[in-house]
Each structure stands twice: as C-alpha cells, then as structure tokens.
Amino acid sequence: MAKIGWGRILAGVATVAAAGAAYVYFKQRTAKAPAYELVLADGPFEIRRYPALSVLATDQSGSRDRALGTGFGRLAAYMFGEGREGDELPITMPVLAEPLAEGAWRIRFLLPEEASGDTIEPPGENIAIAVVPAREVAVMMVPGKPTDRLLKSRTGELQRWLKDQGRVAAGLAEHAYYTSPLKPGAQRANEVWLPLAG
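Numbered according to this note's numbering, the sequence shown spans residues 1 to 198.
Hints are computed from structural coordinates only; laboratory data are not their basis. Each hint should be verified, as a subset may be incorrect.
[Stated by the list, open to error] Below, computed lysine to any residue pairings styled on SDA-like, alpha-carbon distance capped at 25 Å:
{"id": "1", "residue 1": "K163", "residue 2": "T179"}
{"id": "2", "residue 1": "K152", "residue 2": "D87"}
{"id": "3", "residue 1": "K32", "residue 2": "G62"}
{"id": "4", "residue 1": "K32", "residue 2": "A77"}
{"id": "5", "residue 1": "K32", "residue 2": "Q165"}
{"id": "6", "residue 1": "K32", "residue 2": "A76"}
{"id": "7", "residue 1": "K32", "residue 2": "G156"}
{"id": "8", "residue 1": "K152", "residue 2": "L196"}
{"id": "9", "residue 1": "K32", "residue 2": "K163"}
{"id": "10", "residue 1": "K152", "residue 2": "A128"}
{"id": "11", "residue 1": "K145", "residue 2": "P133"}
{"id": "12", "residue 1": "K32", "residue 2": "R135"}
{"id": "13", "residue 1": "K152", "residue 2": "F72"}
{"id": "14", "residue 1": "K152", "residue 2": "I129"}
{"id": "15", "residue 1": "K32", "residue 2": "A101"}
{"id": "16", "residue 1": "K152", "residue 2": "E125"}
{"id": "17", "residue 1": "K152", "residue 2": "S63"}
{"id": "18", "residue 1": "K32", "residue 2": "W161"}
{"id": "19", "residue 1": "K32", "residue 2": "S61"}
{"id": "20", "residue 1": "K32", "residue 2": "D65"}
{"id": "21", "residue 1": "K163", "residue 2": "L196"}
{"id": "22", "residue 1": "K32", "residue 2": "G43"}
{"id": "23", "residue 1": "K145", "residue 2": "E113"}
{"id": "24", "residue 1": "K163", "residue 2": "A77"}
{"id": "25", "residue 1": "K163", "residue 2": "F72"}
{"id": "26", "residue 1": "K32", "residue 2": "P44"}
{"id": "27", "residue 1": "K152", "residue 2": "A77"}
{"id": "28", "residue 1": "K145", "residue 2": "D87"}
{"id": "29", "residue 1": "K163", "residue 2": "V131"}
[To be verified] Have a look at the derived ranges for each label pair, beta carbon to beta carbon:
{"id": "30", "residue 1": "G166", "residue 2": "T70", "range": "16 to 26 Å"}
{"id": "31", "residue 1": "S61", "residue 2": "V168", "range": "27 to 37 Å"}
{"id": "32", "residue 1": "K145", "residue 2": "G171", "range": "23 to 33 Å"}
{"id": "33", "residue 1": "D164", "residue 2": "P90", "range": "16 to 26 Å"}
{"id": "34", "residue 1": "D42", "residue 2": "E82", "range": "17 to 27 Å"}
{"id": "35", "residue 1": "G81", "residue 2": "D42", "range": "17 to 27 Å"}
{"id": "36", "residue 1": "E125", "residue 2": "D42", "range": "39 to 49 Å"}
A virtual CB, placed ideally from N, CA and C, is assigned to each residue, including glycine.
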C-alpha cells in the first residue's frame, strides 16, 4: 500500500477548507440585511431602530477571532442544511458577535423572515434559536480589517459621540460583520454597535 505523506493530507484539507470558505463568500455577496429605521446620521455615526429579529446563536470561548471563526462555521453548517431536514436557509447579514464575559462570545446569524423556531428543525448542541427584541443601536462604521485594537478604538469614539448626543448605552459593544474574511482588509465593511437605553 502506498504511503500518503502528511503534506498531501494537509494540502487536501486546506483545499476543502478553501472551497468551503469560497462558497460562504459567494453566499455572502448576495446576502440581505434587515430593514431598520434611521433615527440619526452624523458622518460615520448612526442611530438605528431595528424591529425584533429572529437569530440563530451559539456561545463560544476563546479570543474574538477564534470564537467568531468557530461560531461562524457551526452556524453556517446548520444554515446550509448540515444535520437537518429541509432546504438551505439564505444568509442574512450582518453576523453579530456579542461579548459575554472574559474569553466568551455569543455569535449570531440573523434568520430570514420566512424562517423561525416554528418553521425550521430545532438545531443541535450549542445552537439556539432566539429573538432579539426591538431596539435602538448606536453604530459606527469600521472599514478595513477588524483587529481588536481597531474595534476598541472605534468603540471609544462611539461612546464619546453617544455622550455628546445625551444618550446612554444599555450594554457592551457588539460587532457587526458584513463581509467575508476572504475580502482584502481595505474592502471589508464592519460596524461597532452599542445598544441604547430607552
């Protein structure tokens, strides 16, 4: 029996992973975003009012990048029909990442309007279907590669702007990802969100 070197095995794994990532990237290019009411626009800052949104969520530990990557893969597999009956569910952007505690994140996919907990098969382990209540969020756009340092800096800017508006945040900053990590950094479009007190 011929021996297969680890180099060839790893190359095969990398090829499969790249193909999967490219598939997700293609799906993201045609993804829709939920409708919202624009309350205020001021340069790179906005206040938006979103309706209640159905989401698919998973809690992951580790760094932001690691939690986002693991959570994204788990949720994408479910959306594309892995391990359940029924058709693929279309991706709706953005993908949301919410810090829970030190070293823990909740990753959320927005479900399309036609999907809900009553119409799709219950997800497996460590995936839940939930509803994010209607809310207002303060938003700052973050073009470029979303590094921890950049996101922290933009969060500080958003907090200062929010204070100038006389508004108060109701929670920690969330990150909204609109484009695939496969896109060059300068072409990525992401945002920092701060949920607002009523």
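Outcome of the hint check:
no., hint, verdict
1, K163 <-> T179, "29 Å, violated"
2, K152 <-> D87, "39 Å, violated"
3, K32 <-> G62, "29 Å, violated"
4, K32 <-> A77, "18 Å, holds"
5, K32 <-> Q165, "30 Å, violated"
6, K32 <-> A76, "15 Å, holds"
7, K32 <-> G156, "29 Å, violated"
8, K152 <-> L196, "18 Å, holds"
9, K32 <-> K163, "31 Å, violated"
10, K152 <-> A128, "28 Å, violated"
11, K145 <-> P133, "29 Å, violated"
12, K32 <-> R135, "20 Å, holds"
13, K152 <-> F72, "21 Å, holds"
14, K152 <-> I129, "29 Å, violated"
15, K32 <-> A101, "30 Å, violated"
16, K152 <-> E125, "31 Å, violated"
17, K152 <-> S63, "14 Å, holds"
18, K32 <-> W161, "28 Å, violated"
19, K32 <-> S61, "28 Å, violated"
20, K32 <-> D65, "24 Å, holds"
21, K163 <-> L196, "11 Å, holds"
22, K32 <-> G43, "24 Å, holds"
23, K145 <-> E113, "30 Å, violated"
24, K163 <-> A77, "40 Å, violated"
25, K163 <-> F72, "33 Å, violated"
26, K32 <-> P44, "21 Å, holds"
27, K152 <-> A77, "30 Å, violated"
28, K145 <-> D87, "33 Å, violated"
29, K163 <-> V131, "28 Å, violated"
30, G166 <-> T70: 16 to 26 Å, "39 Å, violated"
31, S61 <-> V168: 27 to 37 Å, "30 Å, holds"
32, K145 <-> G171: 23 to 33 Å, "25 Å, holds"
33, D164 <-> P90: 16 to 26 Å, "38 Å, violated"
34, D42 <-> E82: 17 to 27 Å, "42 Å, violated"
35, G81 <-> D42: 17 to 27 Å, "42 Å, violated"
36, E125 <-> D42: 39 to 49 Å, "43 Å, holds"
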